[in-house]
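Student: The chain contents come next:
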Amino acid sequence: MTASDPNVTSPSPATAIEAGHSLWQDAWARLRKNKLALASAFIVTALGLLCVAAPWVSPHAYDAQDLALGAAPPSTKHWLGTDHLGRDQFTRLLYGGRVSLMVGACATAVALTIGLLYGAISGFIGGKLDALMMRLVDILYALPFTLFVILLTVWLGRELWLLFAAIGAVEWLTMARIVRGQVASLKRMEFVEAAHALGLRKRRIILRHMIPNVLGPVIVYTTLTVPAVMLLEAFLSFLGLGVQPPMSSWGSMIKDGADRMEEYWWMLVFPAGAFSATLFCLNFLGDGLRDALDVRASKD
Amino acid sequence: MARFLLIRLLQTLPVLWAVATLTFFMVRFAPGGPFTAEKSIPPEILKRLEAHYGLDKPLSVQYVNFLKSLVTGQQPSIRHSNRTVGEIIRESFPVSLELGAWSLLIALAIGLPAGMLAAQKPNSAQDYVPMSAAMVGVCLPTFVLGPMVVLFFALKLGWFHTSGWNTPGDRVLPALTLGFHLAAYVARLTRGGMLEVMGQDFIRTARAKGASGLRILTRHALRGGLLPVVTFLGPAAAGLITGSFVIETVFNIPGLGKYFVGSVFDRDIPVVGGTVFFFSAIILFFNLLVDVAQAWLNPKVRLE
Amino acid sequence: MKALLIAACLAVLLVGCKKSADQPAAPGGSGAKADPGFGSGPAVSPGKMILHRGNGSEPADLDPQIVTGVPEHMILMGLFECLTDEDPKDLHPIPGVAERWDISPDLLTYTFFLRKNAKWSNGDAVTARDFFEAYKRMLEPTLAAQYAYMHHVVKNAQAYNEGKLKDFSQVGYKVIDDHTFQVTLIGPTPYFLSLVNHTSWMPVHLPTLAKHGKPYERGNKWTRPENFVGNGPFTLDQWKVNEVLTTKRNPHYWDAKTVKLDGLAFYPISSSETEERMFRANQLHVTETVPLSKIPGYRKNHAELIRIEPYLSTYFYRINTTKPPLNDKRVRKALALAIDRASITENILKAGQIPAFNITPPGTGGYTARGKFSGDLAEAKKLLTDAGFPDGKGFSPFELLYNTSESHRVIAEAIQQMWKKNLGLEAKLLNQEWKVYLDSQRQMNYQICRAGWTGDYVDPNTFLDMWLTDGGQNETGWSNKDYDRLIAEAARTGDAAARLELFQKAETILMDELPIIPIYHYTRQHLISPKLKGWQPTLLDHHPYKHLWFE
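Residue numbers (the numbering used here), protein chains in the order written: chain S, 54 to 353; chain H, 14 to 317; chain A, 607 to 1157.
Simulated from the structure, these hints should not be mistaken for lab results.
Be a bit skeptical, because a hint or two may be false.
Coverage of chain A stretches by chain H, computed from C-beta distances (three or more under 8 Å per stretch; other residues unrestricted) [to be verified]:
| # | stretch |
| --- | --- |
| 1 | 666 to 676 |
| 2 | 826 to 834 |
| 3 | 842 to 849 |
| 4 | 904 to 912 |
Nothing here was measured: the structure is a model prediction, and the numbers come from that model.
Glycine residues also receive a C-beta, built at the ideal position from the N, C-alpha and C atoms.
Only chain S is shown next, with the shape it has when bound in the complex:
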């Protein structure tokens, strides 16, 4: 399938012929050749490390204010300027990255795991169980999310893991439906019917045959889930669930910046830039992974 660009993802004939390689080994071999994906992975990792190392990288404290200074444009002292309370933006961007990257990773992982398993089971087994499971998804779609969040803040306090749970609880729904749709169509395919005929157990068919075959759309949707999750974090934190001020996150910095985009451009451009750069990288990485995991591509 990647014949149009042999340099990037087409496996060398040797890899394809070699027998005994697992799907994952093949995939890794292919991914290693995708320079764009590797560069993206490198950038995201570097950014993540930089955020973790924030206290050593930045000379400022993330909550140190200078009210008299207020929002000031980038300077040699404050590389990315300061926000409306005179806090160093560079520092806040790094600390915010910790929150956003963690939320992006954890909440997406939650959504991915639930959605993938739920959708695969529902689609594969079908029949009454499928109907039941999908109607449950419909119910969750329809419930008023704001109300749910208000109740969570009241009943369960404001721990960070609640944030992941709340986000995970909404973001897996579409994932589950997409996976279910794919699985339902795959299970009529010859190779699955063959697996059935060979007497493989359902669990094994789902894990070994179905899931790898739906990974393509799943990876694409996952890369789309990450930004949604990061922005949802800002909304939930604003409502009082999750990270509380003076701690920052990219989502809330973008929100603050959006209200002041005409006056203090640096308050929007830098967080939005960091956010976008991360998402571009994740996206290229996702595409690379998708190409690498394409089981059929190896037969080309």
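Keeping the supplied structure of chain S fixed, place chains H and A upon it in accordance with the hints.
Tutor: Relative to chain S, chains H and A alone:
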């Protein structure tokens, strides 16, 4: 097919009931009631207000009355004291429906071709350019994009009003904002779905037979490749046509979206119930459409 | 190649942001589309003098006895006229429907003489009976009016309202004849004539109410444009929910010749950023407010468009005085002293707010508090040491509660930092959705929480009687017998100067005990088209429409 539709129709009843029930108890258990106000109301008045709306009755009675009122839509709103829930939805839904329809159209008109173009020649400029544009759409939340388009098209160029819902031109900016954001999702999902299908045997067969790239794309790949997009669009479209709180706030549009959020904040129980009930009916309808479309896109899927 | 593409895309994104960002805060000159009349608002012409104004949120209703909010008040001011009216300059009571009034020597009985030419918008005469019926309706238990307590200064009104008294003829309202109306009070109430201006004292046309529903119950449809009858300078024209509410001239209004505007259009705009953009595009003459980030730009570049007016409202923090360590007034005073109010008003709010060292805004009904708390940082530290927390040691982290809002968050963040830096105390910020927050406050389920209070009428009583031991709005657990006694005494005192003196003493006690930490006195900010004339700064942000005109 008829049997399938009938079964699905029957399935909606327990779903609607479950949504209504959960919603009712969530509102009732949330702290603060519809009359909680900064200036506290004397207890005698509060008691009578609650009696007027039947909120003094045992929870079970309230619950039954709540379910009944959902069917009729005649329950008066508490916040908007001279209008009923039915009226509120009747007034604001057409606005949201129109805006949602335009946005959906824009999203499909941009997203589908962009995704197909990209899938035709993956990992080339034809792929990277539309897909990078799509990523920009994903990265720009509507609360950033909305004010930006207003500042540029309405204030700098003066082509449109900054807000409102009077002239046909007032539809353009909000529909573009919503549509562009959604187009990004559509494009990425289309590309992914198409690539998935292009690798499959029947496409290879078609290609071996010498069918042109475009023909393969439209005739064969499109059907299977659209599956993820269609699945995604079900709930997305349901959300779109019932209004977006952010867009309605940025552009001051009298849509339904603000009631979903506003009624919860006001603890306006009848309106929360009515809007959520309405939304669940629409979500069910769209997900049903998706399931039918899936069967049509992939004849191997049977409607069960 | 690919990296270049990514870079290019990012650049597009960034430049996109930057372009709009580089525009001046309030465009004028070359930055914006060349428009000589920037900020001039929608066009007006003779016969079409319509005032377009932003009005916050969608009005809940237009029934004077039911509504409670500010947006509703802004609309009702044009649709109804009370017994007294407000002077456009300083809001002192001037003749309204009543052309004059007598006050009995004991200050308990007010006799209003209604003008004979006052008419409803359907042509009916406005009579003393209309006021009587409206006030009866206000107190009717079945209506359960939230603001009925505004009438509790009237004899037996509270008893009737609470259902303890069934016979309305014992309530202090009396129709002497068609044009004479008498009110008997329970005590001298110097602000009574101003009180009568409030929405809860507006008349209603009862036959209209009876025609469109049950007059003494909620959910009456008489406030729809096709049914509406009012007695103000304007009458309801259109009500497009969440879009616009318009009024037109009331041809039957007794003083129609004074009214210069042909109509009013109220836009419910919940986002101040959206509202400001509408103003910039000349879609509004008056905005409800100005976004925080836009204030400096307007003050610098377009001072002629922005109005900053003092407002009868104070921003403060409530303290739960029932739990240690905040039950110690030394701790409370230390917290109060460690806040740099000037820095907040000058660097964050930037709209002329006055740092507050007491609760009643200066100049409230001739009253400016003497009893302000004072001291410096050294004293704050000393107080904290005396209370057993030298340099904040041993003081466990406490919570600062505020309702979910960008502006409250910013102030809380600043104060959190001040307490940390100045006293070594750690406050945790906690925000809750509005109703949850109100509930926490009412249940005293907080340590320190943000609050604000806007006077109902221009008199110190509205800021001071809430701190009574059993005051419905106390919500701090604070109680002081001397304070209670002084406020009660003020309510019985007829002599104006002596009464204010009692308030002075009371407020001095309040500011010594500090169950609340005053932060600043609000101002109101509006963007106003220069062609709108007659707009005067008033303490309640009331601007009687019949005194406004266009040039």
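Student: Against each hint, give a clear statement of whether it holds in the structure.
Tutor: Hints, verified against the model:
1. 666 to 676: holds (count 5)
2. 826 to 834: Held - the stretch 826 to 834 of chain A has 4 residues with a Cβ nearer than 8 Å to chain H, which meets the minimum of three.
3. 842 to 849: holds (count 4)
4. 904 to 912: violated (count 0)
Against the hints set out earlier in the document, a violation occurs for number 4 only.
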